[in-house]
Amino acid sequence: MKATKLGSHIRNEFPIFQNNKKIEDGQTKPFSYLDSAVSAQKHESVIKAMTHHLEYDYGSVHRGAYGVSIRSSQMYENTRIKVANFIGKSVKPEQIVYTRGATESLNILASGIGEEFLNENSRIVIPAAEHHANLIPWQQVALRKNCELAYISFEGKSGDKLKLNLSEAKKLITKNTKVVSLAHVGNVLGQINPIHEIIEIAKKVDALVILDCAQSMTCIDEDLFALGADAIAFSPHKIYGPSGIGVLAMSKELMERLPPFTFGGAMISDVTLEGSQWTSGPAKFEAGTPPITETVGLGAAIDWVAKVGKQNIHDHAAALASEFLNKIQEIQDIEVFSPSTGQETIISFRHKKIHAHDLATILDADNIAMRAGHHCAWPLIRFLGVDALVRCSFAAYSDKDDIEIALAAIKKASNIT
Amino acid sequence: MTESLKSSQSVELNALYQEVIVDHSRNPRFKSKNMPCRFCQEGKNPLCGDNITVYCQVEMKEKQPILFVGFDGTGCSISQASASIMCNSLQSVTLNEARNLIHEAEKIYTGKTPVNSDDLEHDIEALHGVSKFPVRVKCAALPWKTLHLLLSDNFDEAGLPKQGCDKLINCAQSALNQRKLKIVSTEN
Numbered sequence: 001m002k003a004t005k006l007g008s009h010i011r012n013e014f015p016i017f018q019n020n021k022k023i024e025d026g027q028t029k030p031f032s033y034l035d036s037a038v039s040a041q042k043h044e045s046v047i048k049a050m051t052h053h054l055e056y057d058y059g060s061v062h063r064g065a066y067g068v069s070i071r072s073s074q075m076y077e078n079t080r081i082k083v084a085n086f087i088g089k090s091v092k093p094e095q096i097v098y099t100r101g102a103t104e105s106l107n108i109l110a111s112g113i114g115e116e117f118l119n120e121n122s123r124i125v126i127p128a129a130e131h132h133a134n135l136i137p138w139q140q141v142a143l144r145k146n147c148e149l150a151y152i153s154f155e156g157k158s159g160d161k162l163k164l165n166l167s168e169a170k171k172l173i174t175k176n177t178k179v180v181s182l183a184h185v186g187n188v189l190g191q192i193n194p195i196h197e198i199i200e201i202a203k204k205v206d207a208l209v210i211l212d213c214a215q216s217m218t219c220i221d222e223d224l225f226a227l228g229a230d231a232i233a234f235s236p237h238k239i240y241g242p243s244g245i246g247v248l249a250m251s252k253e254l255m256e257r258l259p260p261f262t263f264g265g266a267m268i269s270d271v272t273l274e275g276s277q278w279t280s281g282p283a284k285f286e287a288g289t290p291p292i293t294e295t296v297g298l299g300a301a302i303d304w305v306a307k308v309g310k311q312n313i314h315d316h317a318a319a320l321a322s323e324f325l326n327k328i329q330e331i332q333d334i335e336v337f338s339p340s341t342g343q344e345t346i347i348s349f350r351h352k353k354i355h356a357h358d359l360a361t362i363l364d365a366d367n368i369a370m371r372a373g374h375h376c377a378w379p380l381i382r383f384l385g386v387d388a389l390v391r392c393s394f395a396a397y398s399d400k401d402d403i404e405i406a407l408a409a410i411k412k413a414s415n416i417t
Numbered sequence: 418m419t420e421s422l423k424s425s426q427s428v429e430l431n432a433l434y435q436e437v438i439v440d441h442s443r444n445p446r447f448k449s450k451n452m453p454c455r456f457c458q459e460g461k462n463p464l465c466g467d468n469i470t471v472y473c474q475v476e477m478k479e480k481q482p483i484l485f486v487g488f489d490g491t492g493c494s495i496s497q498a499s500a501s502i503m504c505n506s507l508q509s510v511t512l513n514e515a516r517n518l519i520h521e522a523e524k525i526y527t528g529k530t531p532v533n534s535d536d537l538e539h540d541i542e543a544l545h546g547v548s549k550f551p552v553r554v555k556c557a558a559l560p561w562k563t564l565h566l567l568l569s570d571n572f573d574e575a576g577l578p579k580q581g582c583d584k585l586i587n588c589a590q591s592a593l594n595q596r597k598l599k600i601v602s603t604e605n
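Quick mapping for you: the protein sequence lines, in order, are chains A and B.
Per the working numbering: the first sequence = residues 1 to 417.
Per the working numbering: the second sequence = residues 418 to 605.
Isolated chain B, as found in the complex (with noise of 0.2 Å):
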């Protein structure tokens, strides 16, 4: 028998649903279809069909944009936890708080910042339980992930927001590139 196998599972399976990770799964903050937003991204992981669309809108103060994120989506009580919890801390936040965020939550969720989870100080702490269980980092990391791509692909390298989101535009041109299945029914 490996060593592995002989580890206390349950405590592990425990810290993976505390009551943190319960509460905003059943309970999500800042979730919402259509939100109104300057940018948004949609996230997946195929393997699960998991997905998530983070929504976020910014407002200019002092000529530094101010970010509100929020998001919509389906998927496991992790991966919806983990968005909620994103878009609960990242309110009224600058660019360099939410980057900040992002890789402060990837080195809790695969386990490489220690959390004491007797006593956790913020929500964002409660995602360390995921990574006992290798395959469900990929849950907890999507809305980050996403948000990542978001932030990427919309402001420039001086920090500021991108005049629009273009993927309209885009998502039209490549649409009209791609051939079209002949998909007959029996109705045609």
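If we strip away everything but chain A, and leave its shape as in the complex, we get (with noise of 0.2 Å):
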């Protein structure tokens, strides 16, 4: 197993950890916050940075003359230039879109898509495991342009043996597929997709290749424009930033061709009672008064991330959940649906006698939140022949206390339900 390079102040820079502390019976149990992939928790410079943006900066962005404004306008355009940068060299500030979030953001590119590049003769073609953001979309756009859906399978259900299986993708990707969709990691079992393979089988046939990273912004460092992305999804709130806001990045081509998703203030270049024409760029797409604050909360929590280093995180995140994985796998009844390649930051288990539900509710007696549910996956779900699954996800604050405390209360429920 990898060393840990994060130190434990890290863990102290998270104010979330000291006011949830529980005390019960004298005894003080600490907070084991294992359910990042939902939603990580906010870092110190996050917060300070949001509440001095609305204490002495807030103002409406691109649209005063006023100092606060003016200020305000040059902060959502500074974290602009940060979030290229941070997804990689190939990516132009003009090229990011502020959305609500990864969903939103996937669902401007499959509505677009649809309009711009399907028709009846058309293929989409995405992992039937993908999370609900990236697959209910694809299904209404399949439906309004009555074009062919394909969905790519796994191979195996758990383990080792559970990945994406690149021999049915190549079958799938044909000539008529327009558009290839998929998690860059797995929201449920935190596998990590072979996007190389994808994207050369897609770029084959001309495919768009769209990647939902909203699992792994902090954990994987790579160009993906450079790669043959042509666009890519991700929500801030999961990189220890705010919540509200999202972040789409596309290539120039798919950002001229694409036509607006929601209509109104800023997104217009003229409007006449006969009709109207949109602006370009980004703003096309970021009708209405944005995230403003979050963007500086986004700026904040990007610095942050780039300070600690992506790889550092991953490293941290991964060697915690490898030893969690090599633990809980010797405890009776439990059995593990993550792969385990050591790369993992997710891992999925459910325990044979105990429902998942109750499971996580007998955690948070402990003080310990860890995600229970289909996590989004219906069919994914299904396909692995569960109701219900308990995630366990690690980030950079989290610590091999927080391994011990959660197996602890994982073997002592057996004897409460």
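Treat the hints as calculated values from the structure; they're not laboratory data.
From the three backbone atoms N, C-alpha and C, an ideal C-beta is built for every residue, glycine too.
There's no promise every hint is true.
Restricting the straight-line Cα-Cα distance to at most 30 Å, the calculated cross-link-like pairs of lysine-lysine (DSSO-like) are [to be verified]:
1) B:Lys555 with A:Lys171
2) B:Lys555 with A:Lys352
3) B:Lys562 with A:Lys353
4) B:Lys450 with A:Lys353
5) B:Lys549 with A:Lys22
6) B:Lys599 with A:Lys204
7) B:Lys448 with A:Lys352
8) B:Lys599 with A:Lys145
9) B:Lys549 with A:Lys29
10) B:Lys529 with A:Lys170
11) A:Lys21 with B:Lys555
12) A:Lys22 with B:Lys562
13) A:Lys252 with A:Lys170
14) A:Lys29 with B:Lys555
15) A:Lys352 with B:Lys562
16) B:Lys599 with A:Lys203
17) B:Lys597 with A:Lys175
18) B:Lys450 with B:Lys597
19) A:Lys171 with B:Lys597
Reference listing, derived: stretches of chain B covered by chain A, where coverage requires no fewer than 3 residues with Cβ under 8 Å from a Cβ of chain A [to be verified]:
20) 430-440
21) 462-468
22) 489-501
Both chains are sitting in their own frames, so use the hints and assemble them into the complex.
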């Protein structure tokens, strides 16, 4: 196992842990937050930056000739530059759109690609194991355009055998395939999908490649646009930044061709009673008053992640996940579904005798936060032949104590239900 | 530190998973697939994936319907135990008795009716433990809300059962009206 590179001081930089210790029967139970895959906790620099913005600089963006509006606009655009740098060298700020979240980013893509690229002879290819946010928008577009929808399945049902079926992908990504959309890292099992291979296959037939990077932005440092991706989506709240804002990055060609998703102020170049014309660039997709303070928080989160290092965060979280996986497998009645390559930061499992929701409630009594349920991926959960899983996910602030506390609570759970 | 975090949650956890609940979840009563019934109703908690089908058999006695309720489904121990307790309490009951019990159960699992947990008179009172766990109330509520829907849909204002379940016809029609996805696979 790799040594964890991040120091214990990092946890102290996240105020939530100080404020959620639980005292019971004279004992202090630390807050073991093991659900960062759903949303990460906020670094103190993010909280301070947002508070400072609200107290000193808040104004609407691109609308005012006065001080706070000018300063807010500068901060808003400054973060766009940071986001571009954060994604990779081959991305420019004018390719970055602020949305409400990764879900909205994927909806903008599916809807726009449907309008511009798909007809009844086209095909969309996605893995069957996707998060609903990268599955339902494509189903809806396939219905609207009456085009084909093909699902890539998994090989194996758990452990190291579980991976995207590449030979099936090669057969499904045919000449009429116009778009292939997949998660970089799976939100349920934490598997790292073979995006290099998928991009290569898709580019042979000139299909667009969309990557849902909701789970990979803090842990995989790779220039995805240089690899051939046409668009990526992610949510700042999963990289220690605020919720309520999303990122959509896309190629310049796609940005020009896709129609707007939402209509209103700030996205037009002219409006008459007879019709309207859209502005170009990111503003075309940013109708209405956007998240403003959230972009300041996002900028601070990116600064912090860049300072610590994506690779260091990944190695730290993956080493803890790997240790957790090895130890939990030794507990009676536990069945682990995540692969164990040592690179995952998410481990999903079930207790054969305790339903996932019951286990999550029992863990909460010991101040442990884990997610239970279908994780917004019903087709995958059905494929695995279960009705719910417990998911344990690690981040920069996780530590070895979290593992020991969680394992002890899971062992104890058998005596309660 | 907030005051609520200081409370002893292990006491509440024991009240949630008390013996009656564990027993009903491990040995559910009146749970069966494809139970003979006059009416059925499916219920789901979409966020957690729990699902249940409530069955209702009806016998007419002195021109009044007498109900026998059963269920099938998957979910956590709370939803399964709640369904089992519900069905166990609703054998050979009138429509009004069923409706009253639905009302009574809601007051118990939402904590509106105080219950002495050391001295339970009826199994249904064991559902009070869930009231301390706001996110789990929906688990306990699922079977009762599903039954409530079944009764509202299938009994008329005079309290008499409607002619029969028309869901099959409606379901078939709505399926016909829906456009189907063109799903392709390597076997196509």
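Ascending list of hint numbers which this structure does not respect: 1, 10, 12
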